[in-house]
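Visitor: The residues making up each chain are set out below.
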Amino acid sequence: MNRSTVYLMALATGAGIGFLLVHLTATPQATAESISQAGARPPRMPETMTAATDRLISASSPAMEEGRPINSSLDLLFAERKSPMRTRAFLNSRLQMMTADQLTGILMKGDVRSQPELEAIARRLARENPEATFDLYDADRLQLYGMESVYTFTDAFLRTWGETSTDAVISRLAKLKRGGRQQDLTLRFSDHLARTNPEAAARDFNRIVYLRNMQDTGDMVFTHDRFAGEILRSWSGKDEAGMRKFLENLPPGSREHAAFNRAADKLEQR
Amino acid sequence: MPADDEIPDQSLLDRFVRHGDESAFAALVRRHHGMAFATALRICGDRAEAQDVLQQALIVLARRAGELGDVRSLGAWLHRVVVLEAGKSRQKTHKRRLRETMAYQIGSMAREAEDNAAKLLPELDRSLDALPAKDREVLTLHYLQGHTFKSIEGLLGGTAEGWQKRSVRALEKLATRLRGRSVTVSAITLATVLTTSRTEAVVTSAFLESATRRALDQALVKTTGLSAKLALLLTMKTGIAISLTSGVILAYGWGATARATRQPRGESIGHARHSTIQETTSALRSRPQAFTLEMVRQAVSDHEAATERRAITESRLRTLMFLVPEEHLEDTLEILMGVKDKDRFQQVAAALFGRWAEFDPEAALARANGSGDFSRQGRRAVMITWLNQDGEAALASIFSNKSEENRGYLNEFVIYQCERAPHEAAVLVDRVAQEWPEADRGLFETVAELWSRSDPLPAGDWVASCEDEDLKNKLLRTMAVDVSKTRGFDGLTIANHIQDPKARADARNDAIYWWGTSCGGYSIIPGKTRPYRDLTGGFPADWTDENIRTFALTTMVNFSKNLPDLLRLAADDHQRQLIYEGAVKGVGWSNPAAVTEAAEALPDSFARSPSGSEILGVFIRRWSEMDAKAAAAWLERQPSGPKTEAMRDALQTGKSK
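Going down the list, the protein sequences come from chains A and B.
Counted from 1, the first sequence has number 252 at position 252 by this note's numbering; the numbering is strictly sequential.
Counted from 1, the second sequence has number 279 at position 279 by this note's numbering; the numbering is strictly sequential.
All the given hints hold, so there is nothing to weed out.
To give an idea of the interface, some chain B residues facing chain A are shown, with a C-beta separation under 8 Å as derived from the structure:
no.	residue
1	316
2	318
3	350
4	351
5	419
6	482
Pair by pair, the computed Cβ-Cβ distance ranges are:
no.	chain 1	residue 1	chain 2	residue 2	range
7	A	108	B	572	39 to 47 Å
8	B	545	A	250	43 to 51 Å
9	A	55	B	389	22 to 30 Å
10	A	241	B	180	56 to 64 Å
11	A	165	B	545	45 to 53 Å
12	A	165	B	30	45 to 53 Å
13	B	402	A	62	33 to 41 Å
Calculated from the structure, these hints are not laboratory results.
A virtual CB, placed ideally from N, CA and C, is assigned to each residue, including glycine.
Starting from the given sequences, assemble the full structure and let the hints guide the process.
Guide: In C-alpha cells form, the structure reads like this:
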C-alpha cells in the first residue's frame, strides 16, 4: 500500500468521520429543528364521533357558518324553502353551540329578531346567568326590536327563572324603578304564576299586588280583588283543599283577607 | 447601569451571545419563565411534564440565541418554542397511553368529552400559535406576560390604543380558531383564562435556577462539540492510522443504525399495535365529512343518557335528522323506533319526517301514519314541510280532509311564513277562505297580527278589505294599539280604517295611550326620533284634547325627565294646561319630584274639580311615600289656595288610613 493510497483512505475515513460528526451533532439539534417547523400545527387528538357530527352539521349549510348573524342565517334558511323545522333545528343548533357570553353578545348586538330563537336564548340565559342578564335588560343594553320581542324574551326569561326561584324573580322586579316596565313585567309574570303556581302567587300576594299597581286612581288600576280572583280560579281547579286551608289561615282584618274572601264569594257564585 | 429588568430583551441576548454573559441569560429566563411555564402547563395539564417542557425550551433558547438576530418579541418567539415542545411531549405521552390502554381507547374515542373547559386548555396555545405574528405578539405580551399596552407600545412601536384594539381583535380570532377545533369559548372568557393561567402557574426558584444552569450546560455541550469537530478536521492528516480504523468502525456502525431506522414500523411486532392504533384514529379523523348511521346511533345514545343540558343533545339530533340521505331514512326511523322513552324523541322524529317530506311528501305522510308513537308529530312535520315546498298540492290534500289537526298545521305554517313572507301567508289565507271558510277566521287574525308587526300599513289595508265589520273593527283596534307602541302614526293610520266614528275615536285614543307609554319620550326629542313617530313639530291638528291629555299622562309615566320637551309641543296655553294635567297625573306614579313645575303651573280651578283634586292628592301622596321630607318642604313653599288644600287633605286622609 503506497503512501498516496494511505492518504486517500485516510481522507475518505476523515470525510466519513466528518460526515458522521455532522449527523451526530444533528441529533441534539433535533430540538432546535422545532423552530423551523414553526407554523406547522402539531397533530390533533383523535376526533370523537360527536365532534365529527358537529363538524358535519357546521358544514351542512352556509347558514351554519360561525360568526354569521342569526338573522342572516334565518334569511338563508327561509329562502331555501325546505322544511320549516329544518330552519328551527339549524338555528337552534347554532345557539346551542354558543356559550352564555356569546348569546348575551348577540342580543346586545341586536342580532336576533325571530321569536323562537329569542325564546330559546331567554330560557338558556335564565338558567345559566339570570341576574346579570336581567341587569343588562334593565339597563337597556339588550337590543330587542318591538314589543313582541320584548314580551317574548321577558316572558320566557322570567318564567324560566321563576321555575328555579319565584322569590328571586319577585325580588328583582321589586328593584326595578317604579313605572310602566315594573308594572308590565309584574303583570305578565304574576298572571302566569297565578295560572301555574297559585300557591306561590298567594304566598307573595302583597308584594306582587304592590308591583302590579302603579297608582291609586285612574284607568290602570289592578286591584287586589282581581289578582286574588285569578289565583283562586286557578287554585280551585288544581287543589281546592289547599286553597281552603290557605283562606282559613289568612290574618283577619287584613287587605289580603278581604280581597281573597271577596274573590272566594265570587267564585262560589259562579 | 440599569437593572436587568429594565434592559430590553435584545440587549440581554446580545450580552449572552457575544460575551457569554450567563447573568443576562438568567435575566431573560426570569423575565419569560412565567409565561413559558403557564403555556406548557395549559397544554400538558401536568406540572412535572410542564417543567420538562420549560427545561427543553430554555435549552433551545440558549442554543439558538445567536441565530435570533433582531427579535421583536422574545416572548412570542419563546411561546412558539414552548408550544412545539409541549406538542412533542403530548404526542409522546399520548402514544404511551394509547399503547397502555389500547383495548379501551378505540371505543372511548367515539365519545366526546363534553366539558368545554377541559378541551380548552390543551387547544388554547396551539390556536394562539397559529395566529398572525402581530396578534400573537400582543396576546403573548399582554395576557401571558402581563405587559401593559403602554409597555407594548415601547417595545414594538405603534400606539397603546392600537395594540389594545388589536388585542381585542386577536382574542376574537383566537375564539374563532378554537371553535374550529370544537372548543366553544368567548373572547371574554379567553382573556380571563389567559390571565388566570399566568398568575396560577408558578415554578419554584430552585427549579428555575437549575433549569437555567442545565440550559447553559447543554448549550456549552453543543459549542464544545463544534470545536471538537473543527479540531478533528484540522488534525486529520496527522492521525491517519487512527482515523482509518475509527472511520471504518463508525461508518459500519452508522450504516447499521441507518438500516434499523429505515426499517418499516409494521415489520416490528413492537410497532404493529401502535401502527394499528394510528390507522384507526386516522380513520376516525377522516370520517366526519360524510353522514353515517353511527352518528345517529351515537347522538341517540347521548340524548337518551342526557340528564342535564338535554337541549343540546336534542338540538344536535334534530339537526342531524336533516342531513340524513334518502337511502338512510328508513334505517334512521328504525333507530328512533327502538328508543325506550318515545316522548323524549318526539321532536327528533318530527325532524326526520320533515326531512322525509323534503324528498317525497306523500311517501313521508304514508310512512308517518304507520309510525306508531311518532305518527302525530310525523304528520305535522310532513304537512308543514309540504306546505312550504309545494303549497297548492299540500292545500289540496288538506281540503280533502278538513280536520282540526290540519287546521292546526295551517296555523303553524302561516306563523312561520309571516316571519319573512307575510304577504305570501295572506295569499294562502285568502285561498283557504274560498275553500274552507270555517278555518279562515283564525288564520286571518293570526296573519293580521303578525304582518302588522313587520309591515303595518299593508297589513292594515288587507284587514280593512275584510267584509266582516265586527271582525275587521276588532282586529284594527288591536293592531292600532300594537303598532302604535313602536310606530306611533302607523297605529293611528290603522285606527282610521274603522268606519264607526265613536269606535274610531276610542281606538285612536287607545293607540295614543300606548304610544305615550311605550315610546312617548322617544317621540318628542328633536333629532332623536323617527319619522313614523316624530311629534317634535307639535300635536297634529286632528288630535283632540283627550288625545293630548292621554299622551301627556302616559308619556310622563316612563319619561318624566322629558317634561320640558313635552311642554315645547304645546301650541298655546290651552294645550299647555292639558299637558300639565296629564303630566301631574302620569308622573305621580313614578317620579313626582320631576313635575313640581307642572303642579305649580296648574290653575286653582283644576283643584276645584273632583278629578283634579284627586290627581293632586295622588301626586303628593306618592311623593311623600318616596321622599317625605322633600314633598313636605315643597308643599310648605306653595302659596295657600285650593291646590295646597287639596294636597294637605290628601295627606291627612292618607295618614288616617
